[in-house]
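**Q** In case you want the letters, here they are:
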Amino acid sequence: MSSLSPPSKKIWWNEPVHKSELMWISLVFVWGLVMTFMMPYWHVVGKQNLGTETYKTTPAKFQEATEAFAAKFTVRTEGPRNHPVVAPPAGGDVYMLGRLWDWWPTIELKKGETYRFHLSSLDWQHGFSLQPANINIQVVPNYEHVFSLTPTEAGEYSVICNEYCGIGHHLMIGKILVVE
Amino acid sequence: MSDHDSDESGQVPMMQKLLDNPFLLLFIGVASPAMFYLVWGLAEIFTVPAR
Amino acid sequence: MANTTQMLNKVFRTCPDTGLKFHGPAENLIKVNAVAAVVFLLVGGFFGLLVGLTRWQAVHLLGAEDFYLVLTAHGLNVLIFFLIFFEIAILYFCSSVVLGCRLATPKWAWVGFLLMVIGAVLNNVVVLQGNASVMMTSYAPMAAPPLFYLSLILFAVGALIGCFIFFGTLVVAKNDKTYEGSIPLVTFGAMTAAIIAVFTIVSGAIILIPTYLWSIGVVGEIDALAYRLIWWAFGHSSQQINVAAHVSVWYLIAAVLFGARPLSEKVSRTAFLMYIFFLQIASAHHLLVDPGVSSNFKMFNTSYAMYLAVMASMVHGLTVPGSIEAAQRARGHRAGIFTWLRKAPWGNPTFSGMFISLVGFGFLGGITGVVMGAEQINLLIHNTLYVPGHFHATVVLGTTLTFMALTYWLVPVLFRREIVFKGLARWQPYLYGLGMTGVSLFLMGAGTLGVPRRHWDIGFAGTGGITHEFPAAAYTMLALNGLSVILAVFAGAAFCVIIVGSLLFGKKLGDQKMAESWIAKPVTDEEYNANGGSAYAIPGTLVLALVFFVSFALYYFINWKYLAETWGIS
Chain D
34 MSSLSPPSKK IWWNEPVHKS ELMWISLVFV WGLVMTFMMP YWHVVGKQNL
84 GTETYKTTPA KFQEATEAFA AKFTVRTEGP RNHPVVAPPA GGDVYMLGRL
134 WDWWPTIELK KGETYRFHLS SLDWQHGFSL QPANINIQVV PNYEHVFSLT
184 PTEAGEYSVI CNEYCGIGHH LMIGKILVVE
Chain G
90 MSDHDSDESG QVPMMQKLLD NPFLLLFIGV ASPAMFYLVW GLAEIFTVPA
140 R
Chain V
365 MANTTQMLNK VFRTCPDTGL KFHGPAENLI KVNAVAAVVF LLVGGFFGLL
415 VGLTRWQAVH LLGAEDFYLV LTAHGLNVLI FFLIFFEIAI LYFCSSVVLG
465 CRLATPKWAW VGFLLMVIGA VLNNVVVLQG NASVMMTSYA PMAAPPLFYL
515 SLILFAVGAL IGCFIFFGTL VVAKNDKTYE GSIPLVTFGA MTAAIIAVFT
565 IVSGAIILIP TYLWSIGVVG EIDALAYRLI WWAFGHSSQQ INVAAHVSVW
615 YLIAAVLFGA RPLSEKVSRT AFLMYIFFLQ IASAHHLLVD PGVSSNFKMF
665 NTSYAMYLAV MASMVHGLTV PGSIEAAQRA RGHRAGIFTW LRKAPWGNPT
715 FSGMFISLVG FGFLGGITGV VMGAEQINLL IHNTLYVPGH FHATVVLGTT
765 LTFMALTYWL VPVLFRREIV FKGLARWQPY LYGLGMTGVS LFLMGAGTLG
815 VPRRHWDIGF AGTGGITHEF PAAAYTMLAL NGLSVILAVF AGAAFCVIIV
865 GSLLFGKKLG DQKMAESWIA KPVTDEEYNA NGGSAYAIPG TLVLALVFFV
915 SFALYYFINW KYLAETWGIS
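Line by line, the protein sequences are chains D, G and V. Straight run, no breaks: the first sequence in my numbering ends on number 213. Straight run, no breaks: the second sequence in my numbering ends on number 140. Straight run, no breaks: the third sequence in my numbering ends on number 934.
Looking at chain D on its own, in the form it has when it is part of the complex (with noise of 0.2 Å):
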């Protein structure tokens, strides 16, 4: 009898189980509470929770709302693409949108301040992805996703796209900066 054949005895399940066994399952059972636990224990004490606040919106929508917040904000314009540059007041509300192959508007924000982030694709989806904070976060076309980011520390950051969007994923790159 081997794990090729039937189990030798008809009745198996009542057959005892050595202590080895049961002490590992003991031990990984906990294991798996603890893990458990850690999960929601960090949505109270953790400062870092992705909010999965969405709603439905269309890319026409999006676009409109991205550049009212841009050209309500912007400072300047810079950088090769000659993007503008956009620093919206603390705690405020903050539109970035993803399309191929850009990320828009350069947003300049204050360090220590919290600000609503509205993100959304204006064609395929994108990953929005901060370095070398090293956050990332999944871009769905049609979904306007809402959450709060408080930058740390000062500094140039780029936002990179980290989910494959056609031939140009590689040139698809935007700026957050971050000042005192």
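Please keep in mind that the hints were generated in silico from the structure rather than gathered at the bench. Be a bit skeptical, because a hint or two may be false.
What the hints assert, rightly or not - Derived DSBU-like pairs (lysine-lysine); straight-line CA-CA distance at most 35 Å:
1) V/395 x V/871
2) V/541 x V/395
3) G/106 x V/885
4) D/43 x V/877
5) V/925 x V/385
6) V/786 x D/143
7) V/885 x D/42
8) D/80 x V/541
9) D/43 x V/541
10) V/925 x D/144
11) V/925 x V/871
12) V/385 x D/43
13) D/42 x V/786
14) V/707 x V/786
15) V/471 x D/52
16) D/42 x V/707
17) G/106 x D/144
18) G/106 x D/52
19) V/885 x D/52
20) D/89 x D/105
21) V/885 x V/871
22) V/707 x D/52
23) V/707 x D/208
24) V/385 x D/42
25) V/538 x D/42
Fit chains G and V to the supplied structure of chain D, relying on the hints for placement.
**A** For chains G and V alone, coordinates are given in the frame of chain D:
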């Protein structure tokens, strides 16, 4: 098959019966993730409010 | 016609080396499915080499367009075609051969096989033509040509037929009374894989059929988020078929090489039951940073319902080596804690492949998968190179290496040919294991530095001046990954050469018994009980398991610490 059971009196335990039933397991194995993952997930996606 | 079928169904042979009873039509189907698997492994592995050499920024072999094309082809050929062909072979083996009965409806099995071949070949043609570089995931609304989806649907239908033939064969065996009591554990594990496969393929149909209709203009729109949700029930679950299948093969190899029996039927089968209940819901791993689904959905599903399926894997991780230890001790290797392991047949590629797979899957693949599957930690990991790093440990070190190990054992049994290049075969699992460990570690290393997956140029040369500078270490990682890829592809090619060489030129065995013993006698109750009265004491395995546990817990909490250091997000 009951002739083989003669040496071990008593009923086959419920859990063993379940584990010996491929089609019941197949049903559970499709229905359970369909409920927890597909139905729950789609219900949330389709109730996302419009802007 | 009916008569000939009946006659065919009566053709059985008994393998002189293993005593296994082969149903002729089943044997042929196992052979063709296994051979098809090796062909697609070869094709997909070659594409993998091109991917690795392009990612190595100093080499940067392919242009962007070719890179995305080849990456699409690499994923589909190895993650879908190779693995599922091999799994169909395993399903037929674990039902018809292990139970010693005829295969249900071999004709339908051929239909399934042909559909799979047509689907897989057609898919490669479409992808290589260049208009379908949409990656394996083909996220709507990015569109591929209709044939791309159609080819996958054909393949899936063929695989679904294979699954039902497995279940049909269970019924045949029961009706023909070819076994008594419950099915063997190895067959139970294969059944788990088949159940997960049915869920996988049904999910694939739910999403790919509408997407196909969308691509030909019948359906107006595919919701991008619903696509992601349902596609991953297909894409992730298909990797869970692999887990269930390779764990079954671990038990099979333990039985074949050591005559091992499960430490406890109850524990091992309950662990498989946890897979049946909960393994597939981890498809939510891919949606942890998505909009539109709640944190409750994410936490419940990503944790496989309180980590019960993780517990199952950790139980298999104990009971597979534990059953080997118990068998080795029963056979006399009782000294110390690790004599049983030292005395294992390390020169036999079936054993070394299986054991490297066990360790690699657990330590590299398992731990990282659970850690990055924590809802919040996923923020650091999602869509970075860490993800392919992780699944090269689970799927390649875990599943592919296990399947290779099994193949070394199957060639003489099924094809009655001796393995050629035995010296190379002895080293092959080590080289492949080392190469893939490198691939996995260096991709994960680059991923922790933020390097995106599926990305042609992390130097951002073509962006017109707007760039990001990744740390130099990221470039080093990608170079080391390139070197590891070369080693792994060399060892993978060696495998294909050994197997194809054996099938064509290996010494014919016919009805002759081989010189070496090819299947261990099952350990008897007396042998187990002779071991100091404690038949299943496994101190060595427990030590290994505790080392694993400590690594797991440390790595888990280190990642929460990393997470705490990034921006506030809510």
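**Q** All the hints need checking, so say for each whether the structure fits it.
**A** Evaluation of the provided hints:
no., hint, in the structure
1, V/395 x V/871, "holds (18 Å)"
2, V/541 x V/395, "holds (26 Å)"
3, G/106 x V/885, "holds (29 Å)"
4, D/43 x V/877, "holds (33 Å)"
5, V/925 x V/385, "violated (56 Å)"
6, V/786 x D/143, "violated (65 Å)"
7, V/885 x D/42, "holds (19 Å)"
8, D/80 x V/541, "violated (61 Å)"
9, D/43 x V/541, "holds (15 Å)"
10, V/925 x D/144, "holds (21 Å)"
11, V/925 x V/871, "violated (58 Å)"
12, V/385 x D/43, "holds (23 Å)"
13, D/42 x V/786, "violated (40 Å)"
14, V/707 x V/786, "holds (20 Å)"
15, V/471 x D/52, "violated (48 Å)"
16, D/42 x V/707, "holds (30 Å)"
17, G/106 x D/144, "violated (62 Å)"
18, G/106 x D/52, "holds (25 Å)"
19, V/885 x D/52, "holds (26 Å)"
20, D/89 x D/105, "holds (24 Å)"
21, V/885 x V/871, "holds (25 Å)"
22, V/707 x D/52, "holds (25 Å)"
23, V/707 x D/208, "violated (59 Å)"
24, V/385 x D/42, "holds (23 Å)"
25, V/538 x D/42, "holds (18 Å)"
The earlier numbered hints that this structure contradicts are 5, 6, 8, 11, 13, 15, 17, 23.
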